[in-house]
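Engineer: Chains A and B, in that order, give the protein sequences. Take the UniProt record's numbering: the final residue in the first sequence is number 211, and no numbers are missing along the way. Take the UniProt record's numbering: the final residue in the second sequence is number 116, and no numbers are missing along the way.
Computed list of lysine to any residue pairs in SDA-like fashion (alpha-carbon distance at most 20 Å, straight line):
#1 Lys161/A / Ala56/A
#2 Lys161/A / Glu14/B
#3 Lys84/B / Pro75/A
#4 Lys146/A / Glu15/B
#5 Lys84/B / His5/B
#6 Lys161/A / Gly10/B
#7 Lys161/A / His5/B
#8 Lys84/B / Ser92/A
#9 Lys84/B / Pro93/A
#10 Lys84/B / Gln23/B
#11 Lys161/A / Glu179/A
#12 Lys210/A / Trp197/A
#13 Lys161/A / Leu12/B
#14 Lys84/B / Glu74/A
#15 Lys146/A / Tyr3/B
#16 Lys146/A / Phe2/B
#17 Lys210/A / Leu199/A
#18 Lys14/A / Glu104/A
#19 Lys169/A / Tyr3/B
#20 Lys84/B / Glu95/A
#21 Lys21/B / Val59/B
#22 Lys161/A / Ser70/A
#23 Lys169/A / Val59/B
#24 Lys169/A / Met1/B
#25 Lys21/B / Glu87/B
#26 Lys161/A / Arg65/B
#27 Lys146/A / Met1/B
#28 Lys169/A / Gly129/A
#29 Lys169/A / Phe18/B
#30 Lys161/A / Glu11/B
#31 Lys84/B / Gly73/A
#32 Lys21/B / Tyr43/B
#33 Lys146/A / Gly208/A
#34 Lys169/A / Phe2/B
Listed next, the stretches of chain A that the computed footprint assigns to chain B, with coverage defined by at least 3 CB atoms under 8 Å from CB atoms of chain B:
#35 86 to 95
#36 159 to 171
Pairwise CB distance ranges (calculated):
#37 Phe2/B / Arg27/A: 36 to 44 Å
#38 Ser28/A / Glu11/B: 32 to 40 Å
#39 Met145/A / Ser34/B: 55 to 63 Å
#40 Glu11/B / Glu114/A: 30 to 38 Å
Don't read these hints as lab results, they were simulated from the structure. Yeah, the Cβ is synthetic: ideal placement off N, Cα and C, and Gly gets one too.
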Amino acid sequence: MSNVATFDTRTEAKIPVESPLAYSYRRSGAPAPTGKSRVVLRERPFLGHLILRGGAIVLDEAVREVLGVSLPGEPQGLVQDADGERSVQWLSPDEWLVIVPGGEEFTLENRLREALGDAHFAISNASGGQTLVELEGEAARELLMKSVIYDVHPSQFPVGKGVTTVFAKTTVILRRPDELRWELVVRRSFADYTYRWLLDAGDEYGIGVKG
Amino acid sequence: MFYIHCPYCGELREEEEFHPKGQAHIARPEDPESCSDEEWGDYLFFRDNPRGIHHELWVHAVGCRKFFNITRHTVTYEILETYKMGEQPRFTAEHPEGRPSQDGVEPAPLREGVRA
Chain A
1 MSNVATFDTR
11 TEAKIPVESP
21 LAYSYRRSGA
31 PAPTGKSRVV
41 LRERPFLGHL
51 ILRGGAIVLD
61 EAVREVLGVS
71 LPGEPQGLVQ
81 DADGERSVQW
91 LSPDEWLVIV
101 PGGEEFTLEN
111 RLREALGDAH
121 FAISNASGGQ
131 TLVELEGEAA
141 RELLMKSVIY
151 DVHPSQFPVG
161 KGVTTVFAKT
171 TVILRRPDEL
181 RWELVVRRSF
191 ADYTYRWLLD
201 AGDEYGIGVK
211 G
Chain B
1 MFYIHCPYCG
11 ELREEEEFHP
21 KGQAHIARPE
31 DPESCSDEEW
41 GDYLFFRDNP
51 RGIHHELWVH
61 AVGCRKFFNI
71 TRHTVTYEIL
81 ETYKMGEQPR
91 FTAEHPEGRP
101 SQDGVEPAPL
111 REGVRA
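One chain only, chain B, in its complex shape (with noise of 0.2 Å):
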């Protein structure tokens, strides 16, 4: 057993409250209508296989049922980071120690699901 943090929640839970779903950033075409079959099939059915950093969609599950990203890596199975829908990873295969902060301005984070 081991603990995953969820960014939703604020703490570190247990796996056994989550699910993974896959990977992650999938951008759907914006016009399905005039994608040829080959870009609508890989969209629908074609997943990376990397050796190395992956980013994954989890669920946790039992919890605030939340969907949130982490960052994996697939040999060693650690996780870098996670991190809340919307937001963009710090660990890429590019900048595998850390994406350097661009002047210290980081991305606003996306507050999802508080509308107020």
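The following block holds chain A by itself, in its conformation from the complex (with noise of 0.2 Å):
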């Protein structure tokens, strides 16, 4: 193992941690979900976020043998494992996104190195910067295509693809785990501006924010 220093980003349990969104919840409400509702938003906060940088045929050894899936090699690939709790996406080609339970990430992170052991690789702990929102309902895809610039059809936006693209004025990584869900993986900084455009353009759909 490298001489890298690592340290747990999660705070102790008794120092309260907020969300990113937990001034946007006071600020511009959440409408709960009704049964008109034909979009819901839910945030997924406080998840590990790693970045893996390297090599893909040596960190999808490592990454097989401690996650148990396969790096996804081909570009915009999302591959997740049986239970759909972690992930890894492709970004670039040589960097992945790797979401796992909040909790997880430093153990993952520790056990990612040593079985990199001397290979040229970066990991780098991304779960404070980033938070993940989930879009789910019939409108998902309606809402996206006034959000986003890239194309959301499902013959061009399979499941298991993930793109980083303009949404808005700022950027996402967009990404569908399956048939109903679509995840956006937001910045910290922007994920009150996402978080308001959401509200507003979801607006016609009758848009809920489950809790």
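Starting from the two chains in their separate frames, assemble the complex, guided by the hints.
Structural biologist: Shown next, in the form of structure tokens:
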């Protein structure tokens, strides 16, 4: 194992943590989903986000060993484990985004470092810098069509694809883990903007926010 | 709006995701210390401004964030090809219709960014 200094970025349990959208919920509100809601927004805060950089073959071996899934080698690939809790997404030819349940990221990082040994790689913990927003419902795609420049038609955007693209005036990582759900990985500093944009754009579909 | 093919993402993406970075294939002098002022000035400040085929460096700024090259026609604005860093263009001023392949042997593409 290399001599990189690592530390657990999670605070002790007694220090309260707030999701990047906590301020937005207070300021802009969170309309509860009703029977008429054709799209429902749900934030999945405090997940573990890791950025892996390095050669595909070396990383693939380590990720298989530690996470039990293979690294998506093809551009725009997104793979998940059996229960959909952990995912690995292709971001660039030498960069992948790993999202795991909150609290697992530090152990995972250390195990990956151990498995990778002296290979040429970098792992950075981006958990504090971004959050995951889920869109569900029949109008989710329509809402995205108004917001992102990327073509979200199922023929162009099948399940198991993820892209980094322009969302309104910011950027998001847009992914499609299954038929019904769309996931947006948004930067912390743009979370409020993205949230308010989604509320505004989703108004005509009766957007609801699941707590 | 138009689409540009990113050679790293392997698909056509909106122009809005890209950013131009000037002329491509500018080689840094191998020994800057022994350059004359004129040579160094040419390297730093002077760029081609051709009428016709031009090779440019672009970056997929919102996306994979990789630099790549575009061969573009400065009169028609047509993008003739996009290719990865380290590769050579197929369309050049000498071969506007495309460089003939050398006995079917293409130069081996460099797998940049993937060190494995």
